[in-house]
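Engineer: Below, each chain spelled out in residue letters.
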Amino acid sequence: MGLEDKLSKDGFVTAKIDELIRYCQKNALWPMPMGISCCAIEMMAAAGPRFDISRFGSEVFRFSPRQSDVMIVAGTTTYKMAQVVRKIYDQMPDPKWVIAMGACTSSGGMYRTYSVVQGIDLFLPVDVYVAGCPPRPDNLLKALMTLQDKIASGDRKPFSIN
Amino acid sequence: MNIERLELLKSKLQQFEAEYSDTNGSPGFYIDKDSVIDACRVIKNDLGFRSCVDAISVDRFSKKLRFEMIYNLVSIEHNERIFVKVRLDTKSPAMQSLSQVWDSANWYEREAYDLMGINFENHPDLRRMYMPEAYEYHPLRKDFPLMGIPDSIPLPNK
Ligand code: SF4
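These protein sequences, in sequence, are chains A and B.
For what it's worth, numbering that gives the first Met the number 0 labels the leading residue of the first sequence as 0, then goes sequentially.
For what it's worth, numbering that gives the first Met the number 0 labels the leading residue of the second sequence as 0, then goes sequentially.
The following block holds chain A by itself, in its conformation from the complex (with noise of 0.2 Å):
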């Protein structure tokens, strides 16, 4: 039954407050592009008509950290980007999300070398991995729909900001 079928009949809807704030934030979540290197081009094509990352929710890219909701990690992070990364991570508002795009960023990728982070689970808590190189729109698109699941089951991270 819809939405808007029970709120005619009946005038009002009943819900846990719980889900009711899910729902609400899974909906809209903002991101906040950190588009490092090349896997950025590919967030910015899922931002584009063409894949059309609003269907979801998640057009109003954010340049301030203190707007956004999720952190979209696209691109190899070096130790001395790394920490840009977690001041800026460390700015936005709670309860907020990481995205790790691409080989990269989850795992240094092709760059098994001394200036390349292995990983950005190393120092910053991460919730959904996108693996692929670059990986395609979709895939990001892919794992925003699961970060939309994990916010509506109620999964909580595994380990507390700070």
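There could be a bad hint or two in this list.
Within a straight-line C-alpha distance of at most 30 Å, the following computed DSSO-like cross-link-like pairs (lysine-lysine) qualify [claimed, not checked]:
(1) B:Lys-90 / A:Lys-79
(2) B:Lys-157 / A:Lys-149
(3) A:Lys-79 / B:Lys-141
(4) A:Lys-149 / A:Lys-5
(5) A:Lys-86 / B:Lys-157
Bear in mind the hints are in silico, worked out from the structure with no lab data behind them.
With chain A fixed as given, assemble chain B with the ligand onto it according to the hints.
Structural biologist: Relative to the frame of chain A, chain B with the ligand by itself:
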């Protein structure tokens, strides 16, 4: 490069005891590190090589004179390119900064300082280019492990 220009180049650099070495078809000159500044002033002002387009550092991993700096110099008016090469000590490689002659050498030398550990005297701003300022190693040296020194660069706390 035509013969006359090459002969002119050789004769001008003779006073600095430059040692000619062909570099993939372009003239190259090994110059002693003590006279490189004076030689480069001549190369720039008298011979017209007004731009320094690149500087390369080499680690030969030999016991003596392990390091080498190679400067890639271009003369736009003559459509010519030469290389100036300087051999440097194994223990503490250092030379006069050629940014005193070509301003553009500034960042090339900073990069060589960062990644190869070559010290440039009288450089206006010798800071690291890529690695964090507090980093202690020079990653492009041949004795540096590929994965780096564990825990040498701090990561933010999780
Ligand atoms: S995973 Fe591939 S496409 Fe993505 S940042 Fe790394 S190298 Fe670039």
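Engineer: Quick one: which hint numbers does this structure break? Sort them smallest to largest.
Structural biologist: none
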